[in-house]
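Visitor: Listed in order, the protein sequences are those of chains W and V. So the first sequence is numbered by the numbering used here: it starts at 1 and just counts up by one. So the second sequence is numbered by the numbering used here: it starts at 1 and just counts up by one.
If you are wondering where the hints come from, they were derived from the structure by calculation, not from laboratory data. Fair warning: there could be bad hints in the mix.
No copy is singled out in the list; a pair is fine if it fits within one copy or between any two copies.
Calculated lysine-lysine pairs in the DSSO-like style (CA-CA distance at most 27 angstroms, straight line) [stated by the list, open to error]:
id : residue 1 : residue 2
1  : LYS24     : LYS166
2  : LYS35     : LYS97
3  : LYS166    : LYS54
4  : LYS52     : LYS161
5  : LYS161    : LYS35
6  : LYS161    : LYS24
7  : LYS161    : LYS97
8  : LYS17     : LYS52
9  : LYS166    : LYS52
10 : LYS17     : LYS166
11 : LYS35     : LYS166
12 : LYS161    : LYS54
13 : LYS35     : LYS54
14 : LYS97     : LYS166
Note that this is a predicted model, so its numbers are computed, not measured.
2 protein chains.
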Amino acid sequence: MQYLSGTVETAITELSKLPGIGRKTAQRLVFYMMKIPRREVDDLAAALVALKDKVRTCSQCFNLTDSDPCLICANAGRERSLLCVVEEANDVLALEKTGEFRGLYHVLGGVLSPLDGIGPDDLRIRDLMLRLQGGVSEVILATNPNTEGEATAIYLSNLIKPLGIKITRIARGLPVGGDLEFTDEVTLSRALSGRVAW
Amino acid sequence: MQYLSGTVETAITELSKLPGIGRKTAQRLVFYMMKIPRREVDDLAAALVALKDKVRTCSQCFNLTDSDPCLICANAGRERSLLCVVEEANDVLALEKTGEFRGLYHVLGGVLSPLDGIGPDDLRIRDLMLRLQGGVSEVILATNPNTEGEATAIYLSNLIKPLGIKITRIARGLPVGGDLEFTDEVTLSRALSGRVAW
Numbered sequence: 001m002q003y004l005s006g007t008v009e010t011a012i013t014e015l016s017k018l019p020g021i022g023r024k025t026a027q028r029l030v031f032y033m034m035k036i037p038r039r040e041v042d043d044l045a046a047a048l049v050a051l052k053d054k055v056r057t058c059s060q061c062f063n064l065t066d067s068d069p070c071l072i073c074a075n076a077g078r079e080r081s082l083l084c085v086v087e088e089a090n091d092v093l094a095l096e097k098t099g100e101f102r103g104l105y106h107v108l109g110g111v112l113s114p115l116d117g118i119g120p121d122d123l124r125i126r127d128l129m130l131r132l133q134g135g136v137s138e139v140i141l142a143t144n145p146n147t148e149g150e151a152t153a154i155y156l157s158n159l160i161k162p163l164g165i166k167i168t169r170i171a172r173g174l175p176v177g178g179d180l181e182f183t184d185e186v187t188l189s190r191a192l193s194g195r196v197a198w
Numbered sequence: 001m002q003y004l005s006g007t008v009e010t011a012i013t014e015l016s017k018l019p020g021i022g023r024k025t026a027q028r029l030v031f032y033m034m035k036i037p038r039r040e041v042d043d044l045a046a047a048l049v050a051l052k053d054k055v056r057t058c059s060q061c062f063n064l065t066d067s068d069p070c071l072i073c074a075n076a077g078r079e080r081s082l083l084c085v086v087e088e089a090n091d092v093l094a095l096e097k098t099g100e101f102r103g104l105y106h107v108l109g110g111v112l113s114p115l116d117g118i119g120p121d122d123l124r125i126r127d128l129m130l131r132l133q134g135g136v137s138e139v140i141l142a143t144n145p146n147t148e149g150e151a152t153a154i155y156l157s158n159l160i161k162p163l164g165i166k167i168t169r170i171a172r173g174l175p176v177g178g179d180l181e182f183t184d185e186v187t188l189s190r191a192l193s194g195r196v197a198w
């Protein structure tokens, strides 16, 4: 059963292709768009097309940016000897939000995942190794604390070790505001083994 | 804190305006779009703009359609004496899916809702009354079985009664596949009072 309007049907089909949006949600979105002013739909459509037109990856850190190099790489105030390696561009945003990090980033563009056929050549590891030749004194491995993220961090650390650069990994432990009782065993044992002097 | 790319930020803001899509979801959608081929994003954007360009409401039943009158109103095989009144265009789709109804529809475009400032003049009630002057023998009130839908059905029935047209309301009772034990009291008492001879 299709909508009477082929145009409505097409819009629903296109929206359903997006991750996390099923047919029902797409239907709701389309009916919403039928009710809002034309200009708002145009603005949305233009913003999506602009993503492909204007956004590129920074040639240095591979973060998403409108200008190359990106604002972080171009900022003379950032510590160039400190490099934080993350999986994706949104991880950069998360870290920038803390306001704690004053170094540069390197976006890998994913994690090692043999099951999905993603090997070292599919990530920006070669570019990372090139950057490390230019006066970097510490590499912070900030891949996610899950299986693939850990494996990627271990792989990178083995690769970087021979260069004599200090390698650190973001701390894993109890999240702030968390509860000992409801924390899983792996996190808890990490929190114990990673305890710090106080 | 904003993304380094103003273009990414704009796309996230535009997507967040949609109902049910928060900033996190919008972020995920934008990163997804950065990874798919350009053509797919263009198709999506074009489909959304086409909604405003091509879709109109049928001048007879106010259903969404690409052509006026809509395919249902234009279909000579439908019973013109039977009119089913629904709230929104997606209700037409739901009813058409059953394949049971052979009459015509009338889309009100909402329900009476004094709290939201929606009165009779904001719905297509005047148009409904005009249509009823042309040989309609039965009006099925198929507004939703909630407070506003019931109130709207009662309001319409009072309006239509003087015309001497048969008025029916879609049956309310236990949903097929439902469970007596877990059904709320109001539905259960409706199912009892609406029991049919067997």
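Visitor: Decide, hint by hint, whether the structure agrees.
Guide: Verification of the hints:
1. LYS24 - LYS166: For LYS24 and LYS166, the Cα distance exceeds 27 angstroms both inside one copy (51 angstroms) and across copies (34 angstroms).
2. LYS35 - LYS97: between (36 angstroms within a copy, 24 angstroms between copies)
3. LYS166 - LYS54: Neither way: LYS166 and LYS54 sit 36 angstroms apart in one copy and 61 angstroms across, limit 27 angstroms.
4. LYS52 - LYS161: Answer is neither: 38 angstroms inside a copy and 58 angstroms across each miss the 27 angstroms cutoff.
5. LYS161 - LYS35: Answer is neither; intra-copy 59 angstroms and inter-copy 32 angstroms both fail.
6. LYS161 - LYS24: So LYS161 and LYS24 fail the 27 angstroms test inside a copy (51 angstroms) and across (36 angstroms) alike.
7. LYS161 - LYS97: For LYS161 and LYS97, the Cα distance exceeds 27 angstroms both inside one copy (30 angstroms) and across copies (63 angstroms).
8. LYS17 - LYS52: both (17 angstroms within a copy, 20 angstroms between copies)
9. LYS166 - LYS52: Intra 37 angstroms, inter 57 angstroms, cutoff 27 angstroms: neither.
10. LYS17 - LYS166: Neither. Shortest intra-copy (44 angstroms) and inter-copy (44 angstroms) distances fail the 27 angstroms Cα cut-off.
11. LYS35 - LYS166: For LYS35 and LYS166, neither the intra-copy (57 angstroms) nor the inter-copy (33 angstroms) Cα distance is at most 27 angstroms.
12. LYS161 - LYS54: neither (38 angstroms within a copy, 61 angstroms between copies)
13. LYS35 - LYS54: between (29 angstroms within a copy, 14 angstroms between copies)
14. LYS97 - LYS166: Result: close within a single copy only, 25 angstroms intra versus 64 angstroms inter.
The structure is inconsistent with the numbered hints 1, 3, 4, 5, 6, 7, 9, 10, 11 and 12, although it conforms to all the rest.
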